[in-house]
Amino acid sequence: MGVMKRVQLVFRAKANKALDRMEDPRETLDYSYQQQLELLQKVRRGVADVATSRKRLELQLNQLQQSADKLTRQAQDSLAAGREDLAREALQRKAGVQSQIDDLKVQYESLQSEEEKLTGAAQRLQAKVDAFRMKKETIKATYTAAEAQTRISEAFTGISEEMGDVGMAIQRAEDKTEQMKARAGAIDELMASGALDDMVGGPRDDIQAELDRMGASSGVDRELEQMKAALASSAPRQIEGGQADGASAEPASAPAVEQAGDAE
Amino acid sequence: MIVRILGEGQLHVPESAVGELNELDAQLEAAVERSDEPAFREALDALLGKLREVGEQVEPGTLEPSGLIVPSADTTMEEVRRLLTDEGLIPG
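Each protein sequence line maps, in turn, to chains B and U.
Residues in the first sequence are numbered consecutively from -18, following my numbering.
Residues in the second sequence are numbered consecutively from 753, following my numbering.
Isolated chain B, as found in the complex:
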């Protein structure tokens, strides 16, 4: 019979079963319309839920990217300071962070496509619900009970198929969102525990500490060097100055001596 026909029959059987349960055609119309409105609410909530999950993922991706960038800078600084061991460590950590990023990006895209699908489903359902509402009023106003029955089953079967489809889309999106929440939670925990190394200002940033130490000590070294250099260049002058520069220095101090002499 083929997959297409068999799936269609399953949907149709579902609609017929629901239709059989209704006794009064008017009840069918109103009850179905209520269900449609509820489903519309549900699909809109679904869109909002997926969007929330997507934004959370976006935030985590940004954080991870910052970590990766910082590790790259640290590796560069380490290498510039001649510490290949530190640079290697930083790059290894970056690789770990990067694989998380790559993984999350795939999930992010899948959530994005889920969001688009659900948004489309909400729009299609809205259009059918609007059509159903109009048809419902026409049927109620114009037709006798017997005539109404056949028209109702047509409209009902059509909307029921759409509802089944949208219901599946919501279910699918919910499953994905749940998976995403669990995953985002796990990543938050990893970040909090430091296992993933929240290097951005995190307390466990030993590479930065080492770089800072090196930075500080190189600063001290630099200052020491400057002092030594200053000393080395001025010391000979002073020694020489004691003899050669003494002559030029004397006139400057002479007035003071003279003044002191005057005061006496």
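Worth double-checking, as some hints may not be accurate.
[What the hints assert, rightly or not] Subject to a maximum C-alpha distance of 16 Å in a straight line, what follows is the list of computed EDC-like cross-link-like pairs (lysine to aspartate or glutamate):
no.: 1; chain 1: B; residue 1: K36; chain 2: B; residue 2: E159
no.: 2; chain 1: B; residue 1: K98; chain 2: U; residue 2: D826
no.: 3; chain 1: B; residue 1: K(-14); chain 2: U; residue 2: E775
In short, the hints are calculated from the structure, not lab data.
Given chain B's structure and the hints, the job is docking chain U onto it.
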């Protein structure tokens, strides 16, 4: 005839294309029965590709039921099986 692609909406398909669609559908069904994942994927893609090629979007406000319903591209073989036997895949 109207064909629904699950998750995408309904398409008007000319009767002249139905024969070819049925052939592709038969391949899809055979792949599901053999549990042949690569063939399943290939057949589903071919079927959906053909549908999109020949089909025209149905106005969204139509309440007409579909004559045929096709699973969406990201449906797994397991999900198709459940769809065929209606093991709670369609809510409501």
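Hint-by-hint comparison with the structure:
no., hint, verdict
1, K36(B) / E159(B), "14 Å, holds"
2, K98(B) / D826(U), "12 Å, holds"
3, K(-14)(B) / E775(U), "13 Å, holds"
In summary, this structure violates none of the numbered hints.
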